[in-house]
Amino acid sequence: MIANGAITGVAQYTDEVPVTKVTTAITVQGPDEIHYDETIACIHCARCVDVCPVELVPSRLAALSDQGRFDECRQMNIVNCIECGKCAAVCPSKIHILQLIRYSKESINRAYEDIAPKESSNLKLGCSCGSD
Amino acid sequence: MTFTISAPPHRKDEITFKKINWSKMAALLPVILISIYFFGIPALGIILAGVLSAIVFEVAIQKVFNQKISIADGHAIMIGLMVALIVPPEVPIWIPMAGSLFAIAIGKHIFGGIGSYVFNPVLAAWVFLNLAWGSIMTPVSFPQLGAISNLVLENGAGLLIGVSPIALLGGLVLIYLKYVEWRIPLSYFMTTMVLALLVGDNLSHVITGAFLFGVLFIATDMATSPVTKNGRVVYGILCGILTVIYGHFDNYVYAAFYGVFLANCVSSFIENVTLPRPFGTESYLQNKYRSIMKKIPFEKLGVSIDE
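Line by line, the protein sequences give chains A and B.
This note's numbering numbers the first residue of the first sequence as 1 and each following residue consecutively.
This note's numbering numbers the first residue of the second sequence as 1 and each following residue consecutively.
The hints are simulated quantities; they were obtained by calculation from the structure and are not laboratory data.
Among the hints, a few may not be true.
[As the list claims (entries may be wrong)] As a list, the in silico SDA-like pairs of lysine to any residue whose alpha-carbon atoms are at most 20 Å apart:
hint, chain 1, residue 1, chain 2, residue 2
1, B, K178, A, V90
2, B, K12, A, T20
3, B, K294, A, P53
4, B, K18, A, E55
5, A, K94, B, R11
6, B, K19, A, I40
7, B, K12, A, M76
8, B, K12, A, Y36
9, A, K94, B, D73
10, B, K68, A, E38
11, B, K178, B, G74
12, B, K229, A, E55
13, A, K94, B, I55
14, A, K21, B, K12
15, B, K12, A, A41
16, A, K94, B, I5
17, B, K18, B, E90
18, A, K94, B, V140
19, A, K94, B, W22
20, B, K12, A, I82
21, B, K18, A, T39
22, B, K294, A, D114
23, A, K94, B, E90
24, B, K12, A, G9
25, B, K229, A, V51
26, B, K68, B, P88
27, B, K12, A, A25
28, B, K229, A, Y36
[Stated by the list, open to error] Per label pair, the in silico range of CB-to-CB distance:
hint, chain 1, residue 1, chain 2, residue 2, range
29, A, V54, B, G156, 31 to 41 Å
30, B, I110, A, G68, 20 to 30 Å
31, B, S6, A, V54, 39 to 49 Å
By construction, the Cβ of each residue, glycine as well, lies at the ideal position given by its N, Cα and C atoms.
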């Protein structure tokens with residue numbers, strides 16, 4: 001029940017985690033403070049849109065990430081997200097918007113890692129299925 | 001020592017979908033009480049019929065399709081209550097039941113349940129009832145504000161909801177508590193007022209219980225309104241324009257419902273064209289300003305711009 005920053009920090013499952021120079025805060029929550037929320041469908045209340053500091057549409061980004069449509073997420077500027085976690089904090093449906101957005105950003109970054117550098121002259125561009 | 005872990009954020013708002021629905025119903029409570037006082041036992045029967053049949057149909061549909069029973073979130077109860085509130089008090093008891101069936105089955109569940117419906121289930125049911133049983137659904141009279149006391153108790157009310165416009169202001173508390181967003185009610189109300197004055201309609205016909213109900217409770221329904229900030233203003237203005245067009249040629253009681261119903265059709269298009277620009281880029285007005293300033297030939301006019 002120890003978190004590293006109450007909004008975006010990672011909960012630790014043991015108290016033997018070392019405190020390093022990147023540890024900014026340690027928050028202790030009692031058992032009654034933990035949220036056991038059940039996610040329901042998005043009700044389009046637009047509270048996440050109102051609180052977003054970088055003018056994204058988190059509800060739509062979460063839905064697209066959930067369906068694995070990362071290219072559309074990228075077109076909607078998901079990389080602008082600063083992961084402040086406000087959208088997930090105000091969500092009445094208790095959707096894990098922050099996790100979904102992180103998942104999508106991670107997938108987009110991985111997709112770029114797989115592209116070979118441009119300098120390799122013998123790089124053959126084509127469909128990944130093997131046919132030309 | 002091991003701990004229970006949960007995903008961030010670890011501090012959340014207390015607001016839930018359940019809380020939103022039940023507080024909307026609490027805001028409608030004064031109108032319910034006044035309509036029962038005014039119309040007597042028939043109003044109570046209609047409201048009970050609407051709410052109970054909505055619960056029964058919701059449970060039945062979710063049992064049949066093996067879904068999780070979600071009565072406790074209050075959404076079905078709210079739909080049944082709102083359907084019962086927008087029928088005249090003289091209707092037979094099966095009218096609110098048929099309305100609840102249509103709202104729950106076709107308005108809500110066919111489109112995919114909570115948050116997925118295109119049309120507000122309450123309005124869909126009202127339009128269905130009005131077209132199917134037009135003679136029964138026509139109210140005895142349409143209200144007109146004669147004196148200030150009519151704001152408190154409207155003697156000419158034709159629908160249950162029209163009985164007391166001032167009791168509907170509980171919706172303002174919802175806006176104050178931020179359970180409902182202020183942009184849609186404000187833009188809808190202001191547009192209707194301004195346009196009604198422009199076309200020369202008497203405002204005593206405009207400010208009715210049905211119109212205020214439409215502004216504060218129907219138009220602000222979450223799934224059927226756009227999520228973007230600008231889109232909500234556009235949606236409210238569109239609702240107002242449609243309401244005045246219908247109300248100018250017929251009456252403002254039907255106009256509030258038909259106006260919002262027709263605006264529901266285009267709300268997703270409004271949402272798509274008003275997506276916010278990415279952070280740090282030019283806004284629409286900045287872009288226009290720059291393109292206009294580029295076209296002005298400052299050098300030919302003899303104006304030198306200091307570097």
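Checklist entry - Looking back at the numbered hints, which does the structure fail to meet, lowest number first? => result Hints 2, 3, 4, 7, 13, 14, 17, 18, 22, 23, 26, 28, 29 and 31 are the ones this structure does not satisfy, whereas the remaining hints hold.
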